[in-house]
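**Q** Using the sequences and the hints, build the whole thing.
Read top to bottom, the protein sequences are chains L and X.
Residues in the first sequence are numbered consecutively from 2, following the numbering used here.
Residues in the second sequence are numbered consecutively from 207, following the numbering used here.
Think of the hints as simulated: they come from the structure by calculation, not from any bench.
Careful, some of the hints might be misleading.
[As the list claims (entries may be wrong)] Computed footprint of chain L on chain X; a stretch qualifies when at least three of its residues, placed anywhere within it, have a C-beta under 8 Å from a C-beta of chain L:
1) 271-285
2) 299-309
3) 314-325
[Stated by the list, open to error] Anything over 10 Å on all C-beta distances counts as not near chain X; from chain L, calculated:
4) Asn68
5) Val182
6) Leu210
7) Val271
Note that the structure is predicted; figures quoted are calculated from it, not measured.
All C-beta atoms, glycine included, are put in the ideal place defined by N, C-alpha and C.
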Amino acid sequence: MVATPERLGDLWVSRELLRNLVGKELKVRYKGSALGFLWSLITPLLMTAIFTVVFATFLRIELGDGNFATFFLSGYLVWQFFSNSVNSSVGAIVANGPLIRKVYFPREVLPLSLVLSQGVHFLLALVATSPLIIYYRGFHPELVPAVLIGLVLLTAFTAGVSMIFAAANVGFRDLQELTQVLFLGWFYATPIIYALFFVEDNAPQFLPLIRANPMTWFVELFRRMLYGTPAREGLNPPPAWPPLESWLVCGAWAVGALAVGYWLFNRLAVTFAKEV
Amino acid sequence: MAEADDAPAIVVEDLHEIFRIYKERPPGLKERLYRFRRADFTEFHALNGVSLTIRHGESVGLVGHNGSGKSTLLKCMARILPADRGTVTLGGRVATLLELGAGFQPDLSGRENVYLNGSILGLTRREIAASFDSIVDFAGVRDFIDTPVRNYSSGMYVRLGFAIAVHVDPDILLVDEVLSVGDAGFQEKSLARMRSFSERGKTVVLVSHALEAVESLCDRVVVLEHGQVIFDGPTEQALTSYRRRLAGGASEPAAVEAVETDPDGDGRARVADAVLTVPGHDPAGPVPSGAKARLDVDVRAVDDLVGRGGLTVGMVLRRPDLPSAVYETRTSWRVTYVAPPPPGESLRASFEFELNVLTGTYLIDVLLGNAETDVVHDVRRDAAKIVVRAEEHDAGIAPLGVRITLDNPEGVWPPESEPPPMSEGGPRFHPARPRAGHDQRQPQG
Chain L
2 MVATPERLGD LWVSRELLRN LVGKELKVRY KGSALGFLWS LITPLLMTAI
52 FTVVFATFLR IELGDGNFAT FFLSGYLVWQ FFSNSVNSSV GAIVANGPLI
102 RKVYFPREVL PLSLVLSQGV HFLLALVATS PLIIYYRGFH PELVPAVLIG
152 LVLLTAFTAG VSMIFAAANV GFRDLQELTQ VLFLGWFYAT PIIYALFFVE
202 DNAPQFLPLI RANPMTWFVE LFRRMLYGTP AREGLNPPPA WPPLESWLVC
252 GAWAVGALAV GYWLFNRLAV TFAKEV
Chain X
207 MAEADDAPAI VVEDLHEIFR IYKERPPGLK ERLYRFRRAD FTEFHALNGV
257 SLTIRHGESV GLVGHNGSGK STLLKCMARI LPADRGTVTL GGRVATLLEL
307 GAGFQPDLSG RENVYLNGSI LGLTRREIAA SFDSIVDFAG VRDFIDTPVR
357 NYSSGMYVRL GFAIAVHVDP DILLVDEVLS VGDAGFQEKS LARMRSFSER
407 GKTVVLVSHA LEAVESLCDR VVVLEHGQVI FDGPTEQALT SYRRRLAGGA
457 SEPAAVEAVE TDPDGDGRAR VADAVLTVPG HDPAGPVPSG AKARLDVDVR
507 AVDDLVGRGG LTVGMVLRRP DLPSAVYETR TSWRVTYVAP PPPGESLRAS
557 FEFELNVLTG TYLIDVLLGN AETDVVHDVR RDAAKIVVRA EEHDAGIAPL
607 GVRITLDNPE GVWPPESEPP PMSEGGPRFH PARPRAGHDQ RQPQG
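**A** Next comes the structure, spelled out in structure tokens:
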């Protein structure tokens, strides 16, 4: 077993490869599509439109003076980054089998490049939807550093989870199919289409479960910075710097997931060339 | 990164490498949950206690039958495979050439692939930029450098892959069979490049079936058999003993056994090239079902095969998602005696066939063997790939030309026609208003 500092050194040497793979992901995705990057915006906007019609118009979710579309979008963009990253990473090792059998490179660059390219999409989507958010929720340039720190934490957490799924899929090939179902459940267990206070009011027995879900904390963190604080009646307080508790919990999940994911991935990575 | 002269470039100590050969495909989560026992597999010891020390500046050839463990040893040196027991220690920057153009992205341009492939091989952006012009000129693809490599001919593809590979300038170069692809000129070029590399005092480890290449390049040869080093010494001595072993061992049962455990063939003849053409269609894109295709296989004899029962050249058409082949044929099954060419000479076998298959991606494997003994000389897996797009709406493998007639008193309307309303003899459940029909029926039921 190779010691971790040496492995990290390998990864540092391969930063160029990582950068090229991220570039490849972005280029391949936009090659031959005239609308290019707009495509990655259409999904969240369409989802926002559908969920707004269903929940704000049909079901009349009460958000005081808030706006459901921005409320949903502020959570959904976070979820989309996480979900797309893990779902593309899960098959990354198996799909790159021919390369893994022929060339040595730190295997973690495969899931990491997918996570980072999704991170670029997330950033672009944030920039592109910012007019909507600014129009409804006000202009808060002082929160840009907070959003960037949040993005670093979310990326670390996502990278950790992606590495766990990518490595586990080599041994259990049908994990890929299972992931889709798992993520559908995970989506509803995360306060994206609902706010945490709905659970508090209507089904407090579920609250421990929802709070145990790390994505709850990340969605709440970003929602605080992009939307503000949702409330059932009256004023929805505008975007603000998230409380220390949110930072600490998100930070702990980010460090924990990254450490476990990296350790597990590297433990399993040595045999990838034999198994793919 | 110049190492001290007395520090070796590669130290291999008591290396063991064990492969598990599963009787079925690797188990998934589902199978493991409802069958608590472990999947059936047999263990194959590819390397069985190999120890060697290679010093800086040495050029070492690894030879042996297929299945002797030489490629496994190279992959362990390259850190692609982990050591199951023992250690491999490297003293310097390593580059590995196992496959030219590994990791090329068909949708990216040649330029983008040079950077991507270069970084896969361990080059920095600056190094690639510095040798970019030289890479493009070496490959001779300057006019196409901004075209997606999907549109490259297979020759251009290999040349570009090779050009990038030879611009990797490591301390230790590990090469596996790269020399066996391409024409003679290409092979000479790559050999010259490696020779100049070793003349500059770099370390080269070469795995090859082409003993002449090993002879001209290496000053030391390690002979492997059944995962063990059986000879390690000066090239001339090693190759003499290896050739004697090859000549004497060919008829022994042990050699046949080795062939059975070795699906890649014994290398006594090689598939030099296999090209699929579909007249009137771009073989890179989808072709219609039933298109006429032609597979040209160039075979080069490595050893003297005359008087051993003749060659057989086979092709297998398969679809990766199916467990068995779609189609397989061999020249020997058509009662054709193919006299083997003398060593170093080539022959061409052309297969003309019709792609009477339904939509899917099909791969063609080419097989080369002895017509009488079923000894396999070489297998080129995935020699060609073809995407077929059938017009039919049907699913499966083969178009059976099915005609369907329906005898139905309720009436049958062709897909494009609109059935009349019920009052005019139309169906009771009108396809245009399925919900209305459904609602009408409920109170009665």
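**Q** Each of the hints needs a verdict: does it hold here or not?
**A** Now for the hints, and whether the structure bears them out:
{"no.": "1", "hint": "271-285", "verdict": "holds (count 3)"}
{"no.": "2", "hint": "299-309", "verdict": "holds (count 6)"}
{"no.": "3", "hint": "314-325", "verdict": "holds (count 5)"}
{"no.": "4", "hint": "Asn68", "verdict": "holds, 36 Å"}
{"no.": "5", "hint": "Val182", "verdict": "holds, 12 Å"}
{"no.": "6", "hint": "Leu210", "verdict": "holds, 24 Å"}
{"no.": "7", "hint": "Val271", "verdict": "violated, 4 Å"}
In this structure, the one hint that does not hold is number 7.
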